[in-house]
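S.K.: The residues making up each chain are set out below.
There are 2 protein chains.
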Amino acid sequence: MERNSLAGAACPVARSVSLIGEWGSLLILREAFGGTTRFDDFQRSLGISRNLLALRLKKLVEGGVLERRPVAADAKRHEYRLTRMGEDLLPMMVAMRQWGDRWLFTPETVPADMIDTSTGSQVAPLEVRSLAGRTLSRGDIRLRSRKAGAGTAGKQA
Amino acid sequence: MERNSLAGAACPVARSVSLIGEWGSLLILREAFGGTTRFDDFQRSLGISRNLLALRLKKLVEGGVLERRPVAADAKRHEYRLTRMGEDLLPMMVAMRQWGDRWLFTPETVPADMIDTSTGSQVAPLEVRSLAGRTLSRGDIRLRSRKAGAGTAGKQA
Numbered sequence: 006m007e008r009n010s011l012a013g014a015a016c017p018v019a020r021s022v023s024l025i026g027e028w029g030s031l032l033i034l035r036e037a038f039g040g041t042t043r044f045d046d047f048q049r050s051l052g053i054s055r056n057l058l059a060l061r062l063k064k065l066v067e068g069g070v071l072e073r074r075p076v077a078a079d080a081k082r083h084e085y086r087l088t089r090m091g092e093d094l095l096p097m098m099v100a101m102r103q104w105g106d107r108w109l110f111t112p113e114t115v116p117a118d119m120i121d122t123s124t125g126s127q128v129a130p131l132e133v134r135s136l137a138g139r140t141l142s143r144g145d146i147r148l149r150s151r152k153a154g155a156g157t158a159g160k161q162a
Numbered sequence: 006m007e008r009n010s011l012a013g014a015a016c017p018v019a020r021s022v023s024l025i026g027e028w029g030s031l032l033i034l035r036e037a038f039g040g041t042t043r044f045d046d047f048q049r050s051l052g053i054s055r056n057l058l059a060l061r062l063k064k065l066v067e068g069g070v071l072e073r074r075p076v077a078a079d080a081k082r083h084e085y086r087l088t089r090m091g092e093d094l095l096p097m098m099v100a101m102r103q104w105g106d107r108w109l110f111t112p113e114t115v116p117a118d119m120i121d122t123s124t125g126s127q128v129a130p131l132e133v134r135s136l137a138g139r140t141l142s143r144g145d146i147r148l149r150s151r152k153a154g155a156g157t158a159g160k161q162a
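The listed protein sequences correspond, in order, to chains R and G. For reference, each letter of the first sequence is one residue, going 6 to 162 in our numbering. For reference, each letter of the second sequence is one residue, going 6 to 162 in our numbering.
The reader is advised that the hints may include incorrect statements.
Remember, identical chains collapse to one label, so a pair may be satisfied in a single copy or spanning two.
[Claimed, not checked] Here are the computed lysine to aspartate or glutamate pairs in the EDC-like style, where the Cα-Cα straight-line distance is at most 20 Å: (1) K63 to E36; (2) K64 to E27; (3) K152 to D118.
Derived by calculation from the structure, the hints in this document are not laboratory data.
Let's have the full structure, built from the sequences with the hints guiding it.
M.R.: What follows is the structure, encoded as structure tokens:
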């Protein structure tokens, strides 16, 4: 399985995995979602080697998920900020956290709740729904190819 | 960054990444969500080495995401099925596909739509909401520690 071949794969999941699915990248994104912007802070939080961190950050910047920019107009130090594309990973990050809470912790050991800062209301469990509002499970979903005449690509989420 | 240390990490995202975030595992799960159950079919779809595939499958089985069972009562062949824990990854898989569709394809090149088989209605874009129904972006969310007296763990999704 060639990593390079995945980036051009015809499947959105494969392309996403190629860009952000590397071990380490998801944790960098978790930190970025938590507000971390500085190289040294990523390094401290993740305990990852500086070389590997630099590689991962570079890939996320080149992929458009993070933006690297000077801290101030004339500064030599840079910070890493989520781009709109990066911010749009929110549902995935939330899905991953909620799944981990449910399946990899007990109710007593879940470390934290995600809450809406302005109201204190908890973040609702993500649900997959149709545009018509029906709650969907895996068996309800199939892929419909957009290629004219290509028919369906089989049941797949 | 030690992989083993991650599995016991106090963060649900880190634990999830440790279990399913490996390069390859997410693609195996994509195939499983698409209905693939046989070793040879995973192998054919992913073009991954048999050794690596066996390792990844073993980890997913041990982690409780997949179940390995004989095809029939007396069969030597086995199949791999998503457990309830595995099926519960649906929002994450959908989030990843939708993000890939939006950011790694153009509208003309998106290969397929996810649709509700019974109604033909498309799967709606996942939205993060509070229990009170408010649509949330990253800046709206913070983590509230469950440890008594621990206060908040900072803004983080």
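S.K.: For each hint, tell me whether it holds in the structure or not.
M.R.: Verification of the hints:
1. Within a single copy, K63 and E36 get their C-alpha atoms as close as 16 Å, which meets the 20 Å cut-off; across copies the closest is 29 Å, which misses it.
2. In this assembly of identical chains, the alpha carbons of K64 and E27 lie at most 20 Å apart whether taken from the same copy (10 Å) or from different copies (17 Å).
3. Taking the shortest Cα distances, K152 and D118 sit within 20 Å of each other only across copies (11 Å), while inside one copy they are farther apart (43 Å).
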